[in-house]
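A.B. asks: Position chains V and A against the provided structure of chain W, taking the given hints into account.
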Amino acid sequence: MTTGHAIVARALTRRFGDFTAVDGISFDVAQGEVFGFLGANGAGKTTAIRMLIGLLAPSDGEAVVAGCNVRSETETLRSRIGYMSQRFSLYDDLTVRENIALYGGIYGLDDAAIRARGDRMLRDLDFLASGDAFVRALPLGWKQKLAFSVALLHEPSVVFLDEPTGGVDPITRRQFWELIYAAAARGTTVFVTTHYLDEAEYCDRMSIMVDGRIAALGTPGDLKAQHGVRTLDDLFVQLARGSAGANA
Amino acid sequence: MRAAAPTLSALFAFVRKEFRHLLRDRQTLAILLLLPVAQLVLFGFAVRTDISRVRVGLVAPSPDAAVAALRTRFAHSGRFDLLPPVADAASLEKEFRRAGVDVGVILPSNVAERLQQGEPLQVLVVADASDPNTGTTMQNYATAVLRDWSAAIGARPGAMRLETRVRMRYNPTLESVNLFVPGLVALILTLITSLMTALSLSREKERGTFEVLLVSPLHPWQIIVGKVIPYLGLAMINVLSILGAAWLVFGVPFRGSLLFLLAASLLFALVSLSLGVLIAAVTSSQLAAMLAALGGTMLPSTLLSGLIFPISSMPAPLQVLSHIVPARWFIVVVRGTLLKGAGLSVLWPELLILTAMLAVLLAAAVRKTSVRLA
Amino acid sequence: MTAVSVRALAKRFGDVTALDGVSFDVEPGELFGLVGPDGGGKTTLFRVLTTLLLPDAGHATVLGQDVTRDLWSLRRRIGYMPGRFALYADLSVEENLGFFASVFGTSVDEGYALIAPIYQQIEPFKTRRAGALSGGMKQKLALSCALVHRPDILFLDEPTTGVDAVSRREFWDLLARLSSDGLTIVVSTPYMDEASRCDRVALMQSGRVLAIAPPAQIGEQFPRPLVAVRAANRFALLQTLRALPDVASAWPFGETVHVSDRRTGLSAVQVASALEGALRSSGLDDVSATPISPGIEDTFIELMGRPSETSAA
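Chains as they are written, first to last, in the numbering used here: chain W, 1 to 248; chain V, 1001 to 1374; chain A, 2001 to 2313.
Hints are computed from structural coordinates only; laboratory data are not their basis.
Hints may be right or wrong, so weigh each one.
Which bits of chain V does chain A cover? Going by a derived footprint, with three or more residues having C-beta under 8 angstroms, they are [claimed, not checked]: (1) 1008-1014; (2) 1199-1209.
Below, simulated DMTMM-like cross-link-like pairs (lysine to aspartate or glutamate); rule was C-alpha separation at most 25 angstroms, straight line [as the list claims (entries may be wrong)]: (3) Lys1368/V to Asp2066/A; (4) Lys1368/V to Asp2056/A; (5) Lys224/W to Asp2285/A; (6) Lys1205/V to Glu2094/A; (7) Lys1205/V to Asp2056/A; (8) Lys224/W to Glu178/W; (9) Lys224/W to Asp2286/A; (10) Lys1368/V to Asp2015/A; (11) Lys1205/V to Asp2070/A; (12) Lys143/W to Asp2015/A; (13) Lys224/W to Asp2173/A; (14) Lys143/W to Asp198/W; (15) Lys1368/V to Asp2070/A; (16) Lys1094/V to Glu1163/V; (17) Lys224/W to Glu2255/A; (18) Lys1205/V to Asp2090/A; (19) Lys1205/V to Glu2095/A; (20) Lys2126/A to Glu1018/V; (21) Lys224/W to Asp2193/A; (22) Lys2126/A to Asp1025/V; (23) Lys224/W to Glu2170/A; (24) Lys1205/V to Asp92/W; (25) Lys1205/V to Asp2038/A.
Beta carbons are placed, not taken as given, at the ideal position from N, Cα and C, and that holds for glycine.
Extracted from the complex, chain W is given alone in its bound form:
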């Protein structure tokens, strides 16, 4: 296994009974890269991510994330990665600071570190004055941005984002992506899935899963050129139309 890569997957496979959800996918993600992981619903994306973050054991194949083997070193793995999704976010009935304290505590940060990093995070977001607001009172866009920052609180080397910008306005989405760029510039590897194909363009490299396999892997520009399409949306449609899952 090559070291120095943030994520390495080799022939990663997962079966449920006689249904193969993920069928031997292989790819690398370099440290500090922003990697877009795309695929239609039911293509195997969610299963693949669950394996990478140590929630699901692979049936076959290997993966190493942040230097940890996903099969055998899940404890260490979880302390080195961050995770944020639309469903799994901040607690609505706690304040912003309470959420920070909670997640900081979960990841083993001491009080001083929680305070220092929390303050810095809020300042960067221009949110310092509103640290005691209840999360449920915040607009969706702010919840997403805060959730992302909280996922980075313990300074993981890889952060997994599962459809983080669903339903937010175009401005907030872009602000969110600037946060992603800033994190990547600091050396954090960002692994993100999204339904917005224009956001896939923001990534350094990307992959598209179809029927459990990776049907495309590379930079957005290269992929468009290779397949002779103008936009990633066209590429996606082209690949998905050939899938067994279309109209099933």
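C.D. replies: Then chains V and A, alone, in the frame of chain W:
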């Protein structure tokens, strides 16, 4: 421009859909059909009448030494609580009615004399029991004491002729399966009608289909009626199955009119249904509806209706509260029909109260059920 | 007579203003799009127009009938698809369709001609439980159920959310076809690229309509020349642009960043070459700037950002 009257076929289509939901949810259906019978059997067999102290009343027209000896035996037997002497058979009957005595022993007059003459002693033992098992046990206890006594006073073997009877107790105490059955009927009806209806309506809202139904020619009351009908049918089936099981397994009698009981059950079911509809109308999620239904219908029906704790033994405020629990009145009706064979002429006050409750709840439910989302 | 007429519609929920004085018209046979993020008021607007909610102020008519007074006759003539596919998961495809048909007093046979292009795509699966369908197929079934009673107008609230890209395209092909056959359709979507398939688009945010125009003309509301800029390192590009004093706005759009200049009187070409110069002298590699015409999303962002900055308050 008034719309054309809502069509019956639309309602029928809705009812058909509701039956499909009900029948396809196999798990819930199994629970709703089997649970009542299972509960009945469990409680019936698990319940043990407390017969550690049996109250015995002696009727002896001519008290003498032999009678005194018998009294002493009963008093020291460790199983019996001996009551003051009962004057005659009529007084004993009164005591039974009052539930003041469990076993009555009626001795002939002039016991000592008859012994001397060598005449047979005719002794009657009557056990007032909640079920045949208990009655037999009490009889056996009493018989044992009597036999010892007869030997001790010098009667020849066979001189004492014992006649035994078991009578069914009318008065309500928890231990009686007879008396539990009415409560169970009320409970099951409440569960099915208010809880399931509330859940079904809330589920429709949570699923999002409720909005689409509203934006259609269907009136809200059609939606409600359509949801209610399958559960009403289920509830009636359950009433019959509980009564059938109770009769078959435990020998619970059915002295009144089945038709009358079913009609009363229908009335009670409608009361519970209105409550369920009201709950669904004012709650915002399935979870809230379920909790409100459990707290607002099941709990009072279990605790305040006289099912578990006799109303007369509750603290005064709770007794007052129990008046607004529909199950309380319904249980009276069921008990009367099952055990006493009472009908409309006797039970009309309770039925009137239930009808009044129905009117109030229905009006509230109709008011709360809006033609719009808000 | 307009198909939909809305005047100064307002609605509050507690202290949240969902609709803040909305006014617009929809012509018969139009494919009218409502675009905007969550919480913008689109769903509330739909609920008022489909007679589900009473507005606090203003009024609206659909098909010439008042939405607050004539609800029963309107409910016969409206087809409605709320978000999240209101379908019965434990009923089959044909049972769902049959149910919705009978609720409207009609039958699948009567409505078949209209729904055929859509329904035929899922008809092979008609005995399957609706809960077991894929997202795209649920969408088609929900649309069929909304159309089976041959409504005079269709209201679709975010019908493509959560569905894969292929199904989204097919769905809009179906909508275009229905519209060209004369059906008035009012549809909301958070995807700007779908908005461009409508006859006219209304941008909604915070309960207000920011702009209404045919998609091709929305860009005319963008006040300044717009330039698309590229560079090797995108993050560095963004940061540099933000630091330039003459830059009015800089937002990432796919591979490029769309930039507009504060100064008036400059053409797009002039802005482009000025930017290239400024960026190269800041040390960025592979810089190129090209004039572009503003699209729906550019305009939306511009209009959105106007009254107040998007900070949490």
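A.B. asks: Each hint: holds or not?
C.D. replies: For each hint, the structure was consulted:
| no. | hint | verdict |
| --- | --- | --- |
| 1 | 1008-1014 | holds (count 5) |
| 2 | 1199-1209 | holds (count 3) |
| 3 | Lys1368/V to Asp2066/A | holds (24 angstroms) |
| 4 | Lys1368/V to Asp2056/A | holds (20 angstroms) |
| 5 | Lys224/W to Asp2285/A | holds (22 angstroms) |
| 6 | Lys1205/V to Glu2094/A | holds (22 angstroms) |
| 7 | Lys1205/V to Asp2056/A | holds (23 angstroms) |
| 8 | Lys224/W to Glu178/W | holds (24 angstroms) |
| 9 | Lys224/W to Asp2286/A | holds (19 angstroms) |
| 10 | Lys1368/V to Asp2015/A | holds (23 angstroms) |
| 11 | Lys1205/V to Asp2070/A | holds (24 angstroms) |
| 12 | Lys143/W to Asp2015/A | holds (20 angstroms) |
| 13 | Lys224/W to Asp2173/A | holds (24 angstroms) |
| 14 | Lys143/W to Asp198/W | holds (22 angstroms) |
| 15 | Lys1368/V to Asp2070/A | holds (21 angstroms) |
| 16 | Lys1094/V to Glu1163/V | holds (20 angstroms) |
| 17 | Lys224/W to Glu2255/A | holds (12 angstroms) |
| 18 | Lys1205/V to Asp2090/A | holds (16 angstroms) |
| 19 | Lys1205/V to Glu2095/A | holds (19 angstroms) |
| 20 | Lys2126/A to Glu1018/V | holds (19 angstroms) |
| 21 | Lys224/W to Asp2193/A | holds (18 angstroms) |
| 22 | Lys2126/A to Asp1025/V | holds (20 angstroms) |
| 23 | Lys224/W to Glu2170/A | holds (22 angstroms) |
| 24 | Lys1205/V to Asp92/W | holds (23 angstroms) |
| 25 | Lys1205/V to Asp2038/A | holds (21 angstroms) |
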